[in-house]
Amino acid sequence: AQTVTQSQPEMSVQEAETVTLSCTYDTSENNYYLFWYKQPPSRQMILVIRQEAYKQQNATENRFSVNFQKAAKSFSLKISDSQLGDTAMYFCAFRKAAGNKLTFGGGTRVLVKP
Amino acid sequence: NAGVTQTPKFQVLKTGQSMTLQCAQDMNHNSMYWYRQDPGMGLRLIYYSASEGTTDKGEVPNGYNVSRLNKREFSLRLESAAPSQTSVYFCASSRTGSYNEQFFGPGTRLTVL
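For the protein sequence lines, the chains are A and B, in the order given. In terms of our numbering, the first sequence has 89 at position 89, counting the first letter as 1, and numbering is strictly consecutive. In terms of our numbering, the second sequence has 92 at position 92, counting the first letter as 1, and numbering is strictly consecutive.
Keep in mind that a hint or two might mislead.
[Unchecked claim] Some residues of chain B that are not near chain A, with every Cβ distance over 12 Å (derived):
1. Gly42
2. Glu52
3. Leu69
4. Arg72
5. Leu78
6. Gln102
[Unchecked claim] If we take Cβ atoms under 10 Å as the criterion, some of the chain B residues that face chain A in the derived model are:
7. Gly40
8. Arg44
9. Tyr64
10. Ala82
11. Pro83
Since the hints were derived computationally from the structure, they do not count as laboratory data. We put the beta carbon where it would ideally sit given N, CA and C, even for glycine.
Generate coordinates for the entire structure from the input sequences, incorporating the hints supplied.
Dropping the structure here:
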């Protein structure tokens, strides 16, 4: 079974600064997908970024980028130029290439301070 | 497009009562999912439906049943609610294929006394 671990329960960052969230996972699969979801206080789950395991190039979406290290089974999220609206819970998630199930980590709460 | 809608938004039940959580999507997605989110934890999959007419158990199916009524609707039923089922429940949908994004509803906060 797959497991996803987010070791930082909470992080704070000053507005306009950069914060990096860590995520590690355990799997015996070779092909899979990794996702970062954001959950603001509204509770709505929003996809931030995704990465295909067979692609070596790290995914980027505007101010959000990942550092995918397949051998180390690590998938960190970097938020650059943090904005107040980035305050939320962030969840890392794993999905097998041939599966339907998303396995989530426990989440990291990010607080952006003005 | 409303996306994924869930009713109700909040519900309080007494132990032993039954209820059905409703979910509908208007994105013509084949796959639909039910998750629960407990404090300090990520979402855990209860049941999913890969396509109309099929349902499968997820990680935590005990105490729940589901019905894929048609392509749009996927309901979750608690036959005899227990305090351990106090949680926030999310419905999601996606196109077929693991790469595809799952779109989530706003959630239902359920409290079982």
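Do the hints match the structure? See the list:
1. Gly42: Not fine: 3 Å to the nearest Cβ puts Gly42(B) too close to chain A.
2. Glu52: holds (14 Å)
3. Leu69: holds (19 Å)
4. Arg72: holds (18 Å)
5. Leu78: holds (20 Å)
6. Gln102: violated (6 Å)
7. Gly40: holds (6 Å)
8. Arg44: holds (7 Å)
9. Tyr64: The hint is violated - Tyr64(B) has no Cβ within 10 Å of chain A, the shortest such distance being about 15 Å.
10. Ala82: violated (23 Å)
11. Pro83: Hint on Pro83(B): violated, closest Cβ of chain A at ~21 Å, above 10 Å.
When held up to the earlier numbered hints, the structure conflicts with 1, 6, 9, 10 and 11 and fits the remainder.
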